[in-house]
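According to this note's numbering, the stretch in the sequence shown is residues 1 to 110, in order.
In case anyone wonders, no lab produced these hints; they're calculated from the structure.
There could be a bad hint or two in this list.
With beta-carbon atoms standing in for the labels, derived distance ranges [unchecked claim]:
id	residue 1	residue 2	range
1	Leu110	Ile68	13 to 21 Å
2	Ala98	Gly35	19 to 27 Å
3	Thr65	Ala20	16 to 24 Å
4	Glu47	Glu69	14 to 22 Å
5	Arg82	Leu34	13 to 21 Å
6	Ala20	Asn62	31 to 39 Å
Note that beta-carbon positions come from the ideal geometry of N, C-alpha and C, so glycine has one too.
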Amino acid sequence: MVRVYLDEDVSVLIAELLRARGVDAITARDLSMLGKSDEEHFQKSVELERIILTHNRVDFENLYTSFIEEGRDHEGVIVLSRKRDVYNTAHRLIHFFAHHKNTQNQLWYL
1 MVRVYLDEDV SVLIAELLRA RGVDAITARD LSMLGKSDEE HFQKSVELER
51 IILTHNRVDF ENLYTSFIEE GRDHEGVIVL SRKRDVYNTA HRLIHFFAHH
101 KNTQNQLWYL
């Protein structure tokens, strides 16, 4: 089963849509992580062994690079476009998860 963590920039509706399709999705709100730094969100996703979903491209590219350079593992980062509506985004994620079984230590853009 795919396990994801949505940082606070990603709509909670996306989590609900993913859950309806069998994805184990939790949000920053679910974990009382609102207002935390991007690094704290990334660390939480690592701790929980979940792929992190975000809209924050620049900061998460930097965090991703730091993790790789330090030889630290993570379940993956997916940067989502802000230009798509939540239904299209959820659909694209479901399609992505059906075709990409291993996202560990990778950075993806949808």
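In this structure, is the beta-carbon distance linking Thr65 and Ala20 contained in 16 to 24 Å?
-> Given a distance of about 34 Å, which is not inside 16 to 24 Å, the answer is violated.
Determine whether the Cβ-Cβ distance between Leu110 and Ile68 falls within the hinted range of 13 to 21 Å.
-> 20 Å, holds
Holds or violated: 13 to 21 Å for the Cβ distance of Arg82 and Leu34?
-> 19 Å Cβ-Cβ, so the 13 to 21 Å window holds.
Is it true that Glu47 and Glu69 lie within 14 to 22 Å of each other by Cβ?
-> 20 Å, holds
Is the hinted range of 19 to 27 Å satisfied by the C-beta distance from Ala98 to Gly35?
-> Once the Cβ atoms are compared, 34 Å apart, the range 19 to 27 Å for Gly35 and Ala98 is violated.
Please test the hint of 31 to 39 Å on the beta carbon pair from Ala20 and Asn62.
-> 33 Å, holds
Taken one by one, the earlier hints fail for this structure at numbers 2 and 3, listed in ascending order.
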